[in-house]
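Asks: Sequences and hints are given; from them, build the entire structure.
Protein chains: 2
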Amino acid sequence: MNNVAIFGYGTVGKGVKDLISLNPQFNLVSIFDMPSKKDELGSLLVTKIDEIINNNKIDTVIECLGGDTLAHEVIIKSLSNHKNVITSNKETISLHLKEYLDLANKNNVSIQFEASVGGGIPIIYPLSIQSDFDSINEIIGILNGTTNFILTKMQKEHMPINNAILLAQKLGFAEKDPTSDLEGLDMVRKANILASIVTKKEINNDDIPHFGISKLNDNILKQINDKNLILKMLTRIEFKKDHISILIIPTCLRGDNLLSKIDYETNAISVFGKYQDPLMFVGKGAGKYPTASAILQDLIRVSKNKEYKYCNLKEKAIVKNEFTGTYLCFDDKNKLHELTNPDKKDLSKYKFVCLVD
Amino acid sequence: MNNVAIFGYGTVGKGVKDLISLNPQFNLVSIFDMPSKKDELGSLLVTKIDEIINNNKIDTVIECLGGDTLAHEVIIKSLSNHKNVITSNKETISLHLKEYLDLANKNNVSIQFEASVGGGIPIIYPLSIQSDFDSINEIIGILNGTTNFILTKMQKEHMPINNAILLAQKLGFAEKDPTSDLEGLDMVRKANILASIVTKKEINNDDIPHFGISKLNDNILKQINDKNLILKMLTRIEFKKDHISILIIPTCLRGDNLLSKIDYETNAISVFGKYQDPLMFVGKGAGKYPTASAILQDLIRVSKNKEYKYCNLKEKAIVKNEFTGTYLCFDDKNKLHELTNPDKKDLSKYKFVCLVD
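Protein chains in written order, with the working numbering: chain P, 1 to 357; chain D, 1001 to 1357.
The hints are simulated quantities; they were obtained by calculation from the structure and are not laboratory data. Take these hints with a grain of salt, some might be off.
[What the hints assert, rightly or not] Derived, one-sided and incomplete: chain D residues facing chain P with beta-carbon distance under 8 Å: (1) L1019; (2) L1022; (3) P1024; (4) N1027; (5) V1029; (6) K1057; (7) G1120; (8) I1121; (9) S1131; (10) D1132; (11) F1133; (12) D1134; (13) K1261; (14) L1296; (15) K1304; (16) L1313.
[Unchecked claim] Straight-line distance between alpha carbons at most 25 Å, and here's what the computed DSS-like set of lysine-lysine pairs gives: (17) P/K274 <-> D/K1017; (18) P/K227 <-> D/K1156; (19) D/K1057 <-> P/K98; (20) D/K1261 <-> P/K261; (21) D/K1274 <-> P/K14; (22) P/K227 <-> D/K1261; (23) P/K261 <-> D/K1017; (24) D/K1227 <-> P/K156; (25) P/K77 <-> P/K227.
[Stated by the list, open to error] To spell it out: a stretch of chain P is covered by chain D in this simulated footprint if at least three of its residues, at any positions, have a beta carbon under 8 Å from a beta carbon of chain D; those stretches are: (26) 16-27; (27) 131-143; (28) 271-278; (29) 286-292.
Please read these numbers as outputs of a predicted model, since none were measured by experiment. Here a beta-carbon is modelled for each residue, glycine too, at the ideal position from N, C-alpha and C.
Replies: Pasting the structure below:
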């Protein structure tokens, strides 16, 4: 039950190896990576995925490859070969969750992905338990450390956006090409995963509208801050009777909103249930050990209860957004236009758009 | 596996009944209470505990009696009769956790108590998972909604302490005799439970020093607030190499500390691990549905994995507090004396004592 293999020996894979070595109940059998890692990994290294897939002693694989090509192949083959899979890969989970859950259930194993949303914060598991007995009305969160870091640097330290992006890259928070963070694509995937867990329905990333902060500048931010509002990049999911509203959008918060106090690379998720509202979880959303910690949470859970399953995704969800409320829209000359209950089309005319909470 | 009985049909018991009725996978077989509840409960009511204990169809009992006399008897008899036990009763858990865990393990059943700390906030389970792979260094929390409500009313709305206590009683947050909340005894029990989960050692409530807010007055509070500090009632647990430091004490926080923003009856718990720091959980710490929600979390967990166990408590913990740092001590004339690294004896001379964070 406790023989483990890791696919991918990058930052997260190394963190997982470190934490496993502190837990004698787990036996790390193999790590898949490039032959160049031989000196570092010695006899742990395997360079063909089938050496792990076909090793019947290995019960659980931890996928730390990233992306959706090799990761997808590894996850499918591992589940098919009766191995539990643990992953932090939000891209592949948001694209193929139904396929993975079906395959895991068919083969009586488990697929776990606590680390895919909110880094080390336990959210997927508690949310899956809560949605078993409670009606979840809404989830609002700061789910991207990179954009929160940039917005905090801009608002608390008056750093220009380009410098903040460069600093985030230097500190390892932002990718070389930061578009997926800045334009909200990373949050689309995370929102998809959270909403799937709650509704037990399949969600298409393409159905989720997202507004980014690439075009934000100091002039716009000053106009927002002058209204005593704090700008945060929020992921908003509302669960309605027959559909889900999901919106990834920069949002103006008042200072008495606890989310306005969540700064730098910290993430926070608020869950509003019918019987237990609100719950808020705060922690580091990314990084070597926060991510590895979430993977260890899954590993311990799976080792105690091999058949722990979330659900199957039975149908496709209807995702639509009503764009209700007040939106601050800035044109190419940074001039503010206030729109109430706009059409999505109206919003697309502006350079930068944010919602007023 | 899913036949359930409830002991005690007060506020929490009613909340649990409501939530179970929304979950068709659970079958509520019996509720133990006084004969006077017959009209309300009909054939669900039983008035002798053995009718539940000896009913072999019942797998799991939920103890909502409170106190430590009948609750202790019910828990011991239920575990001995191979039933899982779920309870929100921090008094009996803090007094008898070792006995309960030993008995549960011996009989291959589970004792769960998520609701005993932080109401509906999932903390016991995530903490037990985290302490399996991480070194927990420190836990700091606002674990008592009553005192947080009173301190918020006093500081945000300038309400005198006696009015705030009366209002808390009127709203159902505070007991008729509020001493156990105001003097920190409630938090002693909660700290005991959290520290036991992390260290897997037995802890004596009497070893935990606690300072209360009964003697707080507007004059003292004004002197604290004039220093730009916010007073919060904190539970502080530090895990050292060979001992645990636990201290329940009013604490002066700066405005940039997120705990200073946790207001009214809300609870918050920050966990500082070596590999995952800091994690913060925020939510309603008490009340009908928050407490019932935590009980349902346990019920779902136990129904999915009957043998889920926390640990055994193997030895007695060494609990001692160094009283390091700066303490603001107010004498009978509300005059402030600042003490650094005091003896506990020194602190006992003053009317009101708080720590500066």
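Asks: If a hint holds in the structure, say so; if it doesn't, say that too.
Replies: Outcome of the hint check:
1. L1019: Since the shortest Cβ distance to chain P is 6 Å, the answer is holds.
2. L1022: D/L1022 check passes; min Cβ-Cβ to chain P is 7 Å, inside 8 Å.
3. P1024: Not OK, violated: D/P1024 not within 8 Å of chain P, min 11 Å.
4. N1027: Because about 15 Å separates D/N1027 from the closest Cβ in chain P, which is outside the 8 Å limit, the hint is violated.
5. V1029: Because about 18 Å separates D/V1029 from the closest Cβ in chain P, which is outside the 8 Å limit, the hint is violated.
6. K1057: For D/K1057, the interface hint is violated, since the closest Cβ of chain P sits about 22 Å away, which is over 8 Å.
7. G1120: 4 Å, holds
8. I1121: This interface hint holds because 6 Å falls under the 8 Å limit.
9. S1131: Violated, about 10 Å.
10. D1132: 5 Å, holds
11. F1133: 4 Å, holds
12. D1134: 6 Å, holds
13. K1261: This hint holds: D/K1261 lies near chain P, its Cβ roughly 6 Å from the closest one there, short of 8 Å.
14. L1296: Since the shortest Cβ distance to chain P is 4 Å, the answer is holds.
15. K1304: Given a least distance of 6 Å, the restraint on D/K1304 holds.
16. L1313: 19 Å, violated
17. P/K274 <-> D/K1017: 16 Å, holds
18. P/K227 <-> D/K1156: 23 Å, holds
19. D/K1057 <-> P/K98: The hint is violated at about 36 Å.
20. D/K1261 <-> P/K261: Measuring from Cα to Cα gives roughly 9 Å; hence the hint holds.
21. D/K1274 <-> P/K14: 16 Å, holds
22. P/K227 <-> D/K1261: The given pair, whose Cα atoms are some 21 Å apart, holds under the 25 Å limit.
23. P/K261 <-> D/K1017: 37 Å, violated
24. D/K1227 <-> P/K156: Within the cut-off at roughly 23 Å; holds.
25. P/K77 <-> P/K227: 54 Å, violated
26. 16-27: holds (count 3)
27. 131-143: holds (count 3)
28. 271-278: Check passed, 5 qualifying residues.
29. 286-292: holds (count 3)
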